[in-house]
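Asker: Protein chains in written order, with our numbering: chain A, 1 to 253; chain B, 254 to 599.
Since the hints were derived computationally from the structure, they do not count as laboratory data. Errors might be hidden in some of the hints.
[Said to hold, decoys possible] List time: in silico BS3-like cross-link candidates among lysine-lysine, alpha-carbon distance up to 30 Å:
id	chain 1	residue 1	chain 2	residue 2
1	A	K246	B	K324
2	B	K380	B	K370
3	A	K11	B	K381
4	B	K580	B	K275
5	B	K471	B	K492
6	B	K362	B	K380
7	A	K84	B	K275
8	A	K84	B	K324
[Unchecked claim] To give an idea of the chain B side of the interface with chain A (calculated C-beta under 8 Å), a few residues:
id	residue
9	C305
10	G306
11	N309
12	D321
13	Q323
14	K324
15	Y326
16	R327
17	E339
18	S342
19	D343
20	F345
21	G357
22	K361
23	P365
Predicted model only: the values in this text are computed from it and were never measured. C-beta: ideal position from N, C-alpha, C; glycine also.
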Amino acid sequence: MNYYAIKAIYKAEMARTWRTLLQSIISPIISTSLYFIVFGSAIGSRIDEIDGIPYGSFIVPGLLMLSLLTQSISNASFGIFFPKFSGTIYEVLSAPVSAREIILGYVGASTSKSLLVGIIILATAGIFVPLQIAHPIAMLFFLLMTCITFSLLGFIVGIWADNFEKLQLIPSLVITPLVFLGGSFYSISMLPPFWQTVTLFNPVVYLISGFRWSFYGVSDVNVAISIAMILFFLSLALLIVWQIFKTGYQLRK
Amino acid sequence: MLPIITIKNINKIYASGFIALKDINLDINRGEIIALLGPNGAGKTTLISIICGIVNSSSGTVLVDGFDTQKQYRETREKIGLVPQELTSDAFSTVWNTVSFSRGLFGKKPNPAIIEKILRDLSLWDKKDNMMMTLSGGMKRRVLIAKALSHEPEILFLDEPTAGVDVELRKDMWEVINKLRASGVTIILTTHYIEEAEEIADRIGVINNGEIILIEEKATLIKKLGKKCITLQLEKSLKSIPVALKHYQLDLSSDGQYLSYTFNNSSDTIQKSDLLQKSNAIQSNEHSSIATLIDDLNNNNIGFNDIDTKQSSLEEIFVQLVKDNEKELSRPLQQNIQKDTPQVKS
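Just chain B, with the same shape it has in the complex (with noise of 0.2 Å):
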């Protein structure tokens, strides 16, 4: 199937001449809900702008649905909604008038029946008449994706969708969302809780510093690059880790009860380029390598009564990405800097 959201070399450069944008290049699939996670400034909002039409790109082109963004404005952008991430509305407009005007705006005829609709899946039917200004933080929310969705998109753009919402407002709107998903619409978020996209992204990308340094399945990403951790509650507590153990980096607890086995070492330095081989090497050899460590046991005459085991989650991977990413940008300016040095002689 053709992807939905065809992204080609786009770059943004800022008349200031900040670079927001470095050569994007992405598909988004039919119906997937993609989560776009990255730090403050690192470019999602500019994609999701540009994809919009918000945005100019200094140069690339987006396609949606085969239709070119700015060649073809009218069919790109009445397939779109979009969800901002500032709570912004007409502070004196009713609930009701101001997804009425969203769907006017694309492009609709007025139907109040599918404004209804939408405003009772959203739990906002009772605040029809209120004006915006009287709403809380986490209905304006709501109204904010009524309005994006008045006009029945086939794509949906969420900016930071839970952004200052309680915890049960955001489990809600998951649910709104997985809803949607089911319904085909496809989804494209960007989050800082890696828990949002963990719970309902379909594939995660990563985005630091105008560049995406990773794309990935979910599930796919949490097993490749995820590090596992299992620790044995030791039958008799050791003063120290034989030499024969030494080679698996094995960690003792303080009180000598404990020992922990770590896959896939946090402490290596993750290239974007090596990444997915060396992680695949890694998860090749993971069960081997248990049984081995177990086996060494056995020959050391350690024993054990309990193991755990703990996988690490989506958001201890995102931070390792974007650290792994800064490191590799700094490197050629450190390197600058050393050139640049003038050499003393004594």
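Looking at chain A on its own, in the form it has when it is part of the complex (with noise of 0.2 Å):
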């Protein structure tokens, strides 16, 4: 194992992160606190408890995965997209690393990056609205598995991508409305029965009501699912990563 490469990456990518923290850091702060004012405090007030859950509490675990999806794709796939773009990649497919090291060099710089928000962006909402962990390992477990699965996503989002507009395609067009759309602002009991059913076959639905209960102990779904659920997405992830550098798709000629 090349473990001074995936220190070097690591490092690098990290660099990165400080160098734009505004971007990376505050940004999704900001966001997500008005989100907590607006939809919290603001119209929050003026709705009934979910599940016996106060709203502006409800609707943390939903922000928190939304910021955690959105921010794994974009940190992962502007990672090695950029490599790509600048030509700078070069040097990564000429030196003595495997795909298993690029990958904990890239992905685990976007899973800590992402780890981070996810907890400053926890602390936030702790200003604005009662909070409680019921099951704190659970939480841990699925925060962790969110943002590698998603930086995985992001990974062969930033490999397919071949310009910056496909590079946002992916988190503005397909994770933004499965997030909104999977129970991230309510129940998915509240739907009518049709749209129930529908709803089932978004997977952010999952991720979001096993993280609900890793806090409230509520879940729309039975948490064995969600846990299966994510623990499939992070093995489909991990098989097109493996076909990718077995390919060597978008990236060896």
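Since each chain comes alone in its own frame, lean on the hints to assemble the complex.
Answerer: Now the structure itself:
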């Protein structure tokens, strides 16, 4: 294992985070705080409790998930896309590093950044609404698995994208709608039966539901299914990344 | 001594069907500087990229110090440093950080003393804290060399190392390359500047249309394939070349004052197969033909005051080789066109 290479990639990626502190850390915190102010305090104060949880607190796991998903994807996709775009990828491709080491470096750094953002947002949420974490280990499990899985997805997007437009396509046109329609701001039991069934095809539902269970002990779907789903997404992402390196898709001509 | 790089039957066909390399075979010796010359799109960068692992070959093998570049990529890649053609760099990183990053990437323990030495050798020490985007093109090129050397490679690939670099800096680079060779590093460079190959290379390879059309020691190549021209300043001007001297194919200047004799006539088409055989014959006859010419001039009462000699440069040889290769390649095409053209009966 080339540990020095993993460390070099990880350090270089983290250095980018500190250089772009405003965009990487401050921006997601401000936008999430605005959600808490508007939906949690202003509008939320006029909405009844959902499943016995005050509305402001109810939306915390969903908002956290929204940030984790978009941050993980954009961090990892930009991390690998930019060297491709600027041409510096030649160095990684000509170095004695395996696919596993490249992924550990890039995805590891992206996961770290997302975790950091997640923890800061959680702390920020605590300022606006009362928080409780019923199952802290499960919460950490969902937090970590989501960051890793969606950083892997971001890595795939970064390799697939050959321009900046494609880079933004998945986070803005796929992930954000899925999160909004996946029960971030409501319980899917509030939907008519038909739409409840349709919503079950949204993979994000399982993530938000499981995550919410770890906070408040209530969920839309069985927590075991949520755990199985996140593990399934992780395996799928790993399989795709493995195929990318095996075939050299968009990396080695 | 075993070659440090052995390239066997390498072919590269891109998905579009474009054939970039055709059956390349080449041995590169330890410690030499080999220059690969060729026009744009000849396949030089593709060949380098295959050896370095950036591009996958369609078939064939490359061994680096006995290790297969596909199966034993860790062993081969840690021996190689690559300076790419494009000035690519992380614009926001400092010189020190970007060079240190490269060392780590190639699996080497951090060693500030080595990074410092490399930066000092390349006159980059005073720029170590500068961001890459603030550097000039020449300085960026030096940083790319520093990055390639950061893991102390045994082999260095320089893809157009002095492209866009001013003359002074280019000569500095040549000095750096010579120092590296002195330290035992094998250097493979591609260049458009034939003067560069002439100045620093031990061997010259010419690639055209994905094929190596010639590989030869530089001195031997110039000696074998170069044209020589002697120009005689005549005592008395001539109106025409005497019939007895016609077979020399001499050139008489318009004022009749100068008579030129060119060896290895460039109008001969140089075929890849018989190139060396032909040039050997020309070389062995070189001295006797000059002596015979001078005897014949004396016999025809043509005296001369001065002799000027000129040998063709590597550039002229290169241009001739590429031109001949293009002719050779277009010949079957022309024949096919002629064959396919319907005959019109009158």
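Asker: Against this structure, judge whether each hint is valid.
Answerer: Hint-by-hint comparison with the structure:
no., hint, result
1, K246(A) / K324(B), "holds (13 Å)"
2, K380(B) / K370(B), "holds (13 Å)"
3, K11(A) / K381(B), "holds (18 Å)"
4, K580(B) / K275(B), "holds (18 Å)"
5, K471(B) / K492(B), "violated (41 Å)"
6, K362(B) / K380(B), "holds (23 Å)"
7, K84(A) / K275(B), "holds (28 Å)"
8, K84(A) / K324(B), "holds (25 Å)"
9, C305, "holds (4 Å)"
10, G306, "holds (5 Å)"
11, N309, "holds (5 Å)"
12, D321, "violated (14 Å)"
13, Q323, "violated (11 Å)"
14, K324, "violated (13 Å)"
15, Y326, "holds (6 Å)"
16, R327, "holds (4 Å)"
17, E339, "holds (5 Å)"
18, S342, "holds (6 Å)"
19, D343, "holds (6 Å)"
20, F345, "holds (6 Å)"
21, G357, "holds (3 Å)"
22, K361, "holds (6 Å)"
23, P365, "violated (14 Å)"
Hints 5, 12, 13, 14 and 23 from the list above are not met by this structure, while the remaining hints are.
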